[in-house]
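Please model the entire structure based on the sequences and the hints provided.
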Amino acid sequence: MLKPLGDRVIVSVEDEEEKTVGGIVLASNAKEKPTTGKVVAAGPGATNHHGDVVPLTVKVDDNVMFDKYSGTNVSYDGADYLVLHEKDLLAIVE
Amino acid sequence: MLKPLGDRVIVSVEDEEEKTVGGIVLASNAKEKPTTGKVVAAGPGATNHHGDVVPLTVKVDDNVMFDKYSGTNVSYDGADYLVLHEKDLLAIVE
Amino acid sequence: MLKPLGDRVIVSVEDEEEKTVGGIVLASNAKEKPTTGKVVAAGPGATNHHGDVVPLTVKVDDNVMFDKYSGTNVSYDGADYLVLHEKDLLAIVE
Amino acid sequence: MLKPLGDRVIVSVEDEEEKTVGGIVLASNAKEKPTTGKVVAAGPGATNHHGDVVPLTVKVDDNVMFDKYSGTNVSYDGADYLVLHEKDLLAIVE
Amino acid sequence: MLKPLGDRVIVSVEDEEEKTVGGIVLASNAKEKPTTGKVVAAGPGATNHHGDVVPLTVKVDDNVMFDKYSGTNVSYDGADYLVLHEKDLLAIVE
Amino acid sequence: MLKPLGDRVIVSVEDEEEKTVGGIVLASNAKEKPTTGKVVAAGPGATNHHGDVVPLTVKVDDNVMFDKYSGTNVSYDGADYLVLHEKDLLAIVE
Amino acid sequence: MLKPLGDRVIVSVEDEEEKTVGGIVLASNAKEKPTTGKVVAAGPGATNHHGDVVPLTVKVDDNVMFDKYSGTNVSYDGADYLVLHEKDLLAIVE
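Taken in sequence, the protein lines are chains A, B, C, D, E, F and G. Sequence positions in the first sequence follow this note's numbering and run 59 to 152. Sequence positions in the second sequence follow this note's numbering and run 59 to 152. Sequence positions in the third sequence follow this note's numbering and run 59 to 152. Sequence positions in the fourth sequence follow this note's numbering and run 59 to 152. Sequence positions in the fifth sequence follow this note's numbering and run 59 to 152. Sequence positions in the sixth sequence follow this note's numbering and run 59 to 152. Sequence positions in the seventh sequence follow this note's numbering and run 59 to 152.
Just to be clear, a hint being listed does not mean it is correct.
[As the list claims (entries may be wrong)] Calculated lysine-lysine pairs in the BS3-like style (CA-CA distance at most 25 Å, straight line):
hint, chain 1, residue 1, chain 2, residue 2
1, G, Lys117, G, Lys91
2, F, Lys91, D, Lys91
3, F, Lys145, D, Lys96
4, F, Lys126, F, Lys91
5, A, Lys96, D, Lys145
6, E, Lys61, C, Lys91
[Said to hold, decoys possible] Quick list of the computed label-pair ranges, beta carbon to beta carbon:
hint, chain 1, residue 1, chain 2, residue 2, range
7, C, Asp119, G, Lys126, 47 to 53 Å
8, F, Lys96, E, Val98, 51 to 57 Å
9, E, Val118, A, Asn131, 57 to 63 Å
10, D, Asp110, E, Lys96, 44 to 50 Å
The hints are simulated quantities; they were obtained by calculation from the structure and are not laboratory data. Even glycine gets a Cβ: it sits at the ideal position worked out from N, Cα and C.
Next comes the structure, spelled out in structure tokens:
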């Protein structure tokens with residue numbers, strides 16, 4: 059299990075399904091990087107200079123939107139995740 | 059529905075109508091990026107180091123002006139939006 | 059009407075009159091960008107981390123001087139304006 | 059013994075085992091840098107501007123995940139370690 | 059009249075007199091930019107985050123020294139001035 | 059004697075002994091820069107914005123480890139030293 | 059007289075004497091820039107955001123060491139000086 063530190067969240071990013079035409083997979087050269095995903099783990103919040111923890115706003119199972127250049131890609135247990143600071147999340151998708 | 063986080067606002071940006079001459083659409087190579095739009099969602103405000111939320115000034119339905127290089131373009135439900143930090147908004151257009 | 063946000067001011071910038079010699083307009087290749095203008099709108103002031111607003115010093119109708127590389131050019135209602143943070147204003151011209 | 063200073067942790071990074079096929083070691087040109095390791099030492103925490111120490115969250119023997127470009131590689135007593143600021147750790151792996 | 063804003067001062071910079079030999083003006087290719095001048099106007103001081111003004115140290119008529127790459131050159135009423143933040147002044151010349 | 063200012067320490071860095079084979083000195087083209095040394099002097103600590111001094115953690119005679127690109131090389135009295143901010147020290151070597 | 063502002067000090071830097079062999083001055087192509095000098099004037103200290111002055115540690119006549127790329131070279135009354143922020147001084151040489 060991954061437990062994010064500080065103000066980080068771990069997001070599970072699913073590739074958009076590949077489009078098929080009559081069973082033939084269409085290779086997409088310009089396939090966009092996903093910009094939404096589901097929060098699978100959230101850190102306790104950032105620790106400020108006084109040692110206090112400022113809790114996060116997002117929580118596990120929130121669907122979130124982010125810029126395609128944000129965060130760090132990590133692999134764990136055969137799946138790919140994105141680790142982001144909460145401040146790099148743009149919006150919650152409801 | 060998109061719920062922006064922190065001090066972000068989501069702006070609906072409409073392309074200027076294409077100019078037509080006698081029904082013929084004029085292709086504009088130098089088409090300017092729009093710099094005004096309507097706020098469709100506003101975040102609760104930034105959380106400061108003490109954990110307090112500083113509310114935003116703009117609200118939903120405000121028409122706002124911004125620099126053409128500001129913000130992040132996102133697509134949601136078939137429409138295009140711009141996500142900006144409130145501090146990157148220049149003015150409210152009344 | 060444009061209502062600037064935060065610590066911004068909107069300045070109306072008039073091009074210097076073109077110089078003419080005996081009625082002939084002299085094309086100036088090295089035409090300087092204007093560096094003075096009149097404040098047509100001023101924001102309420104910056105909001106600090108505690109949520110307090112720090113009021114601006116300049117006010118509407120002040121003539122102000124600024125660096126030619128400062129601010130953002132915007133168009134509104136057929137006129138051109140410059141939007142600047144108050145801290146980028148150099149001086150009030152009296 | 060290495061005693062990290064401030065908010066630093068020292069991580070022991072083991073190369074992934076080389077894959078072998080029928081006893082033949084497969085040379086991997088694209089061998090990834092490791093991005094997980096075990097904390098072997100943790101600093102007391104950062105000293106803030108008032109002279110107070112803000113303790114760390116991670117502790118010795120935690121398995122941690124980090125970006126492959128984070129930290130400083132050091133050698134000590136024949137082994138290789140990575141020295142990182144705690145804020146550069148992404149997650150604890152449990 | 060120019061009234062500098064915040065922590066700015068306006069300095070009147072006189073070119074060093076050109077050297078002449080027997081009445082012939084010597085062209086100086088490597089003519090140095092002046093690095094001293096007289097303060098002709100001083101702002102009220104910077105406004106801090108609490109809205110308080112921190113007064114300046116230098117005052118009108120002080121001769122000051124500055125780095126030749128500091129400040130913004132402005133023209134006003136036919137004369138050239140340099141506008142600098144007080145923190146970019148190196149020393150008072152007495 | 060060198061008395062470091064603020065949060066600086068002065069470290070005496072000894073080159074690793076050159077390896078010899080049968081008395082022949084082996085020129086090492088890829089000779090690594092040293093990354094450990096002994097603290098020979100430590101400053102009183104950084105002065106914060108209130109004028110208070112925050113004391114250092116390391117002390118004279120500590121063996122310390124640092125990144126090979128940290129600090130400033132200085133010569134004094136025929137010997138070479140490295141001057142570093144304490145925050146650029148990675149660990150104490152015991 | 060030069061009176062440095064804020065947290066600046068003015069240092070008199072003497073070129074190392076040129077080496078001569080039998081009266082012949084040896085041109086040194088790789089002549090090092092001096093990195094020590096004597097403090098000839100010290101500012102009152104930096105003014106913090108509350109308007110308080112934080113006094114300096116070094117005083118006139120201290121011999122100080124600095125990085126060869128620090129500070130601003132100025133000429134005054136026929137002599138060359140270096141103006142530095144106190145935080146750019148490495149050590150006092152006793």
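Evaluation of the provided hints:
1. As the CA atoms of G:Lys117 and G:Lys91 are separated by approximately 23 Å, the hinted pair is consistent with the 25 Å bound.
2. Restraint check for F:Lys91 and D:Lys91: the C-alpha separation of about 23 Å stays at or below 25 Å, so the hint holds.
3. Restraint check: the Cα-Cα separation between F:Lys145 and D:Lys96 comes to about 23 Å, which is no more than 25 Å; the hinted pair holds.
4. Distance check on the hinted pair: F:Lys126 and F:Lys91 sit about 6 Å apart at the alpha-carbon level, within 25 Å; holds.
5. For the given pair, A:Lys96 sits about 23 Å from D:Lys145 by alpha-carbon distance, which is consistent with the 25 Å threshold.
6. For the given pair, E:Lys61 sits about 21 Å from C:Lys91 by alpha-carbon distance, which is consistent with the 25 Å threshold.
7. Remark: the range hint 47 to 53 Å for C:Asp119 to G:Lys126 is upheld by a beta-carbon distance near 52 Å.
8. About 55 Å separates the C-beta atoms of F:Lys96 and E:Val98, a value consistent with the hinted range of 51 to 57 Å.
9. Distance hint check: the CB atoms of E:Val118 and A:Asn131 are about 59 Å apart, consistent with the given range 57 to 63 Å.
10. As the Cβ distance of D:Asp110 to E:Lys96 is approximately 47 Å, the hint placing it in 44 to 50 Å holds.
This entry satisfies every hint, going by the numbered hints stated previously.
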